[in-house]
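> From first to last, the protein sequence lines are chains A and B.
Final position of the first sequence in this note's numbering is 387; the numbers increase by one with none missing.
Final position of the second sequence in this note's numbering is 570; the numbers increase by one with none missing.
Hints may contain errors.
[To be verified] Derived coverage of chain B by chain A (criterion: at least 3 residues anywhere in the stretch with Cβ under 8 Å from a Cβ of chain A; other residues may be distant):
no. : stretch
1   : 138-144
2   : 214-228
3   : 238-247
4   : 255-261
5   : 525-535
[To be verified] List of simulated lysine-lysine pairs, DSS-like, C-alpha gap at most 27 Å:
no. : chain 1 : residue 1 : chain 2 : residue 2
6   : A       : Lys-241   : B       : Lys-212
7   : B       : Lys-143   : A       : Lys-383
8   : B       : Lys-285   : B       : Lys-143
9   : B       : Lys-471   : B       : Lys-35
10  : B       : Lys-240   : A       : Lys-241
11  : B       : Lys-35    : B       : Lys-400
12  : B       : Lys-81    : A       : Lys-383
13  : A       : Lys-345   : A       : Lys-63
14  : B       : Lys-400   : A       : Lys-383
Since the hints were made in silico from the structure, they are not lab data.
Where a beta carbon is used, it is the ideal one built from N, C-alpha and C, also for glycine.
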Amino acid sequence: MTQRTLSRIGLILICIVAAILGQNCSNDSQSASPSSQGRQSSHEWNVIRSECFQDPKLPEIEKPASYEGDLSGTSIDLVTYDAFLPPEGAFERFTAETGITVNLLQSADTGTMVSQAVLTSGDPIADVMFGIDNTFLCRGLSNNIFHPYEASTITQLSSDLLLDPYHRVTPVDYGDICVNYWIDEVGEEPATITQLTSSQYEGQFVTQNPETSAPGMGFLLATIAYFGEDGWQEFWTDLRKNDVVIESGWTESYYGDFIAGGGDRSIVTSYLTSPIAEFIYAPEPLDTPPTAVIADSCFRSIEFVGILRGTDKPIASALLVDFLTSTYFQELLPETNFVLPANTKAKIPQVFQDFIPTNIASSTLTPEEIDAGRDQWTEQWTKIVLR
Amino acid sequence: MLGEINGLNNGLKLFYDDESRKNRNTTDLRIKNTKLATSASILLVVGFFSIFYFIPLGKILWYGLSPDNISTVFGRSGTWKVIWFTLWQATISTVLSLCVGIFISNILSRFNFRGRGALRVLATIPFVMPTVVVASAFLSLNKIFQLEQSIFNLEGTPLGIIVAHIFFNTAIVVRTLGGWWGQLTVDPECAARTLGAGAFRTFFLVTMPRLKPALIAAGALTFLFTFTSFGIILILGSLKQATLETEIWRYATQRTDINTAAALGIAQLVIVVLMLVVNSRLRNKYGTSELGAISVAKGEIYASRFRKTRLYSGILCTVIFLGTPVGLLVERSLRIANGYSFTYYQQIFTESQSGRFSIFETRAAIINSITWALFAMAIATLIGYLAAILLSSPSEKISKPADVLFLLPLGTSGVLLGFGIIVTLNSSFWNIRSSWWIIPVAQAVLGIGLVARMVGTALRDIDPEIRNAAKVLGASDAKVWRHVDLPIISRSLIAGAAFSFAIAIGEFGATAFLVRPQRPTIPTTIFNLLGRPGASTYGQAMALCVVLAAITAISMSLLDRTGSVIRETA
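Isolated chain B, as found in the complex (with noise of 0.2 Å):
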């Protein structure tokens, strides 16, 4: 079945053209079981996302329509220039994060060499990486270098925002823009090189416009997570810099102004709407890559003459910008009065010693992580899976809103969203807001818009062509599904599973502002460690968050694995 598929698809490459793209829906032999699948995702998205989405912040953003309201908070000068601060910061964070990105996953997806893989996790690491930590570590190399009279100063001025946005997000971009790059044949490049086109005139001409459709994918992502940014500019920007999330926190949890916070949240919603409608018309205008179909390429990469220098200067520059932060708190984890030893490591894995206490159940912490993490990974992967194919279902009347309502958990408040599960899931016969469960869902909201645009971008992109082709030489539905669909859109349901992953144990955004079970996780350990004096305490958090990355980096490693072997299967 594989050498079959493999040889049509490189057959019909040659002879593709694109009108038989444009017209493939009247080709396509399943669109009676489509519609099925279609309409059965429909019920079950829509419902998940009502229950915990929709209704409870609706609920909290009626607080704030009242015309007075709106009046009051938007007759302010101040809202408007906290307004004004998200949005440039965000979009500059974005098309940095990008740059880098993009950077970053040509390595990855177009050179072989040893170490690819552990360079990919390295680069995921950052966005699992406690906030309040990761921050804590821009301080002190600001310390480090003595930055703090200079203009890199990365201390309360929208530098050091921007930097830290690029060190999260980098591993969105990665992981998008990788999945997706490392599907692209080398061939059109190979024929511009031949063609005498210098490699930036090839980049620009040949290989931007066929990322187009996953640099539209990564940026919004990128965007989303920068603008509803909260730790970083909370604790970078100590309050100096002030952008719609951080307000909306400090009104509604400090202040107890729900009103106030709702008004902010609705203009939050308001421009994140305005820029997935935005986004979603590009979508459409470039969604589908315009050279080239996808096949499962391998990572070669067209001679050239400063191959070596390239790639080893480019792992060198990902190394030291992804590296430093994460080896700066290596370092503290082993740091002790006098010299390094791992006794901080032996600290959190002994119960308690006599005289001094070890009362966080780390090992118990570790095993609640994961588990919240496999089940909010497991919801997020199977409903934004569902979401994927209305994503790209050939009505516009389904993949036009469905573009943008996915996508919405990602851009919401955090306090907002967890304040409304608070006061709606609470009915007598059902109150599940302080159930253990609430947590890996509330994760999973997150997770299933990202699964969801990763997948949806790739699913896009099948031709049909392959799977008529499949079905007439009598492969069934599910066997067409494994062998064709499944491995096309497996580097990207990897990413996105590991995203909802690392959203997960991580801890993102409303799980912080729920009320829930008092079970360690391995975040709120660090958290806990972190809030009291001692310098054990410190060396143990220190020592946690490197457990964590560890954890992280194994995962990462194993799903990749995992999408690997289902391609190779095929």
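One chain only, chain A, in its complex shape (with noise of 0.2 Å):
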């Protein structure tokens, strides 16, 4: 066998493995067709922005009457962001309910997670998302990725979080990010977030880049809707005259610079919840949380569940998103991912209920203001706070 020979059957086998692929990609847009609405232009991947509550003309998903029997042994893939922990024993009711099988696929974070499902909108990279947030709302829905399905316990679900009128997004859960300070350590504790451009917190808080972390894009839209679109600005150019830390993720803050995790800084952006977390997580019992939030400070993270466009098991997917906005599954949320139900019938856990502040303000901007203005206020932040 020559060379030669040798050169051509690689580049014969090539041919026809780029054939098989280019073969199942035109399957693909076929069999996406009936719904699909073609993103990808020719050439260019076409990233829609800003037209995110309007009306995407689909049928929603209606339930048969009785779906008994015909379900059993199907199963279904659930996509999450990587943080999320399924609750211990969950999935396996709603088999033993609905004869359904879940699959649990797990992304990145969620941007990443949202990424991926605009650029196979159409073909789904599983048939129910959980956890795209209403900072991220926007890009999906306006990328057409969701499926309109209205969630039967629709009735339960705290009205505040029905955010697409559509249907194709169901809100399954809310946590709010706020900065949180360690009691002990800081001094006077602050009470609201103006305090922390004062020169008695100097050198004290640690945040996290708003381009590359969730609790530090939180607040920023947090200082954005307090102080307005143009009084924010100002805000973080005092932040950086006292001297603030920015860190790229909540662990390099949370564990490096704050307190901790043996830091020596003692106010931190993070969550409603983490005073809970550092309680129960405490290595000797507690009597209270050693953190506290600062109420005026948080903003308002809601998370979604919804069906991809182009599932083929529609049916099965509507069952598992009734499901997850149930009170069973609801009342499981808290302990494991340490977020608050969306479903208003759930029972909160007794810690959760102890430790709660109640005074909390939590500003929000909706997904439209979010989306619009999210690149432009990222650059703007790079400019005054890192450059």
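Combine the two chains into a complex, taking the hints into account.
Written out as structure tokens, the structure reads:
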């Protein structure tokens, strides 16, 4: 066999593989065509921005009156961000009730998960997505990644959280991103966000880069909501003068600079539930949490569940959405994932009732505002704080 | 057989001249079988690479190719600044890693001392530590030694990034170089010293030229790792210092701007291809050692007055540099509120206790990690060996492109490859993009290049005369392979296998950007623990890091042992 034949074999092989995969791609676009709106125009990938709550003109999924029996043995994929922890035994219960097996898939952070879903819009990576939040919601909705379905539990869900009038996503939990402080180390306890720039707390505050961290983004949005679109820049300029430290992620700031991991800073951007986690996971039992939150520093983060458009198991997916928003599942969320249930009928565990502050004034921006402003805000922020 | 071949080997060395080496192809008796093996290798390797690398990456990069997009992205001055920073930090990191690596490999392959195996393993551990943990260790070193205000500040500065890169990549250099160095006979050095050359002269004029092939291979690998480094840049550079890889990540995942990310990906690919072509030229120039043949040499050192001082100071420096961050981890995994204890180790191995949750299935995570890593290692070693045959192929038409192609995955953005796999491997009859085995396969794609490069370097240098001699003495092809090829390539093969294992167990590259079945692994569990507040979870994460280091150390020493068994039984 001469070298020429060898290189020919290689070339032919590449062509065959390319042909097979090309074939597959065209198959996919055909199968997805009824509802697909072809974002993938010829060459470039067009990401659609800021046409968020428009009628998707897709029929809602209707559950047939009786589906008993025909779904047992079905298996559906549920994709979540990587930090999500499934409550023990929860999905086994769903299988026992419906006969449907849930196959949990994990992506990376929420931004990556949404980008993956946008790339595969109409030919989804899973059947249901858990955990898209209000900061990424518009990117998902405007790129048409979800299929509408009105959950049977919808009347029980907190009406503040029902953001999408077309039911493409259903709220599943919420939590706040808040500034935390270590009570014994901070000196006089800060009462408001504006005090963070006072000399009293110079060199005490550590927060995260909004481009690389969800709590970092939450706090930036909280300041934009609090000080207004023209006032937040000044606040951050003052913060910088007050020797704020910026880390790339929550872990580096909380366990690196904050008292909790042996650091020397007593104020950190974290979550409303972090004091409770500190209480539960303390090496020695405590009477009260060692940390507390600044009441007006919070940003409301809402997580949603949605059926991905193009799924071939719409009914099973609809049942899973019902299950995820049911009181049974919702009551398991706080202790595993430290978020609060969207279902108002769900009982909150005692430790959460004891220690969640009641005076929280969380601010929020609409998903459209966030989607429209996000890139320019982070660019401005980078100029003000890092450069 | 062994005695005969070794005898022949030694005999050949005496009568060895460059002419016979250059003309070796004409004298290889196995030419027919080699060709058959080559064509089979081409089929398998090219097929694997097409499906799991070229097509997925091609589809994603296609989005960035429109002229408008290219001109917008490269019209920004920011893009060029990012490219420039990526290039110079990678170059400096590579050069310094090589220096540190030469220093450590010298101790490891030229001195015989107790604990040599342990030191070699210690040099490999940093490579598998989760980036987030190592970066945090560097951040705390910064605080402990109060470097923030000094010029040695490691946070947000290029210095921190470079030091962390050296820490990570020393392992690559030590393994690549050590595998080679350990097989070089000391005769030329002895001759040089006898003739009156000093230690430095001997090193630069005699040792360095013989190390060139391995230096070139190690340099290429280190450059690729530092060029596409992600976690270190993100955490230690906190986006003040952006590289192509972090910008691709930012655009692709946080902004869903696939077009910009793909354009940057194209720039990355172009630079990597250029670098590999230059590297391949260098390899062809210095591809085979100029002095002396390879033998399975014993690690003896020529007599030197400063031998002991040199040895112990070398060991001390190595242990301090590589051991401090690791030691910091161990200390933190043991530290509790009032002293030290093994509490966190107990906690990660016990299931839920009342009142405290242990929601993470550590045992399952350890088993999953090891299984996937072994699987990835098997694929990478097998296909990597075949790829090495192509690399060392006498035909330049095969070896030259192979030289560039196999290493491409190491220089490719993990985000783009991960996204590419998601958008391509999704046909209705073959939906494998989220099946569990795509994880070890994606990890193996990276490992193949490493194995191919490490083994290829050794394979190129096997003297065909030894094979021919064995054939003349009546050995079958299989026997020749077992008793000639395998012992000679064993060190490199083991090193390659060890690294593909390490890449897999540390979960590098594209795996983080795939959609994967939720089965806990050690890195994902560490990540999950570190993502939660509470003093216990932090301690548990540190304890699990130490467990990961221990598993790696054990696997590495087992692999090293396998290597010596292969050599001894040959």
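> Could you run down the list of hints and mark each one as holding or not?
Status of each hint after checking the structure:
1. 138-144: Coverage by chain A holds for the stretch 138-144 of chain B (3 residues, Cβ < 8 Å).
2. 214-228: With 0 residues close enough to chain A, the hint is violated.
3. 238-247: With 3 residues close enough to chain A, the hint holds.
4. 255-261: Our answer is that it holds, as 5 residues pass the Cβ test (under 8 Å) against chain A, meeting three.
5. 525-535: holds (count 8)
6. A:Lys-241 x B:Lys-212: Answer violated: Lys-241 of chain A to Lys-212 of chain B is near 52 Å, above 27 Å.
7. B:Lys-143 x A:Lys-383: With Cα atoms ~26 Å apart, Lys-143 of chain B and Lys-383 of chain A stay inside 27 Å; holds.
8. B:Lys-285 x B:Lys-143: 47 Å, violated
9. B:Lys-471 x B:Lys-35: 17 Å, holds
10. B:Lys-240 x A:Lys-241: Roughly 18 Å between the alpha carbons, so the hint for Lys-240 of chain B and Lys-241 of chain A holds.
11. B:Lys-35 x B:Lys-400: Given that 27 Å is the threshold and the Cα spacing comes to 17 Å, the pair holds.
12. B:Lys-81 x A:Lys-383: Holds: Lys-81 of chain B and Lys-383 of chain A sit about 16 Å apart, inside 27 Å.
13. A:Lys-345 x A:Lys-63: OK: Lys-345 of chain A and Lys-63 of chain A at ~23 Å, within 27 Å.
14. B:Lys-400 x A:Lys-383: 46 Å, violated
In terms of the numbered hints stated before, the structure departs from hints 2, 6, 8, 14, listed from lowest to highest.
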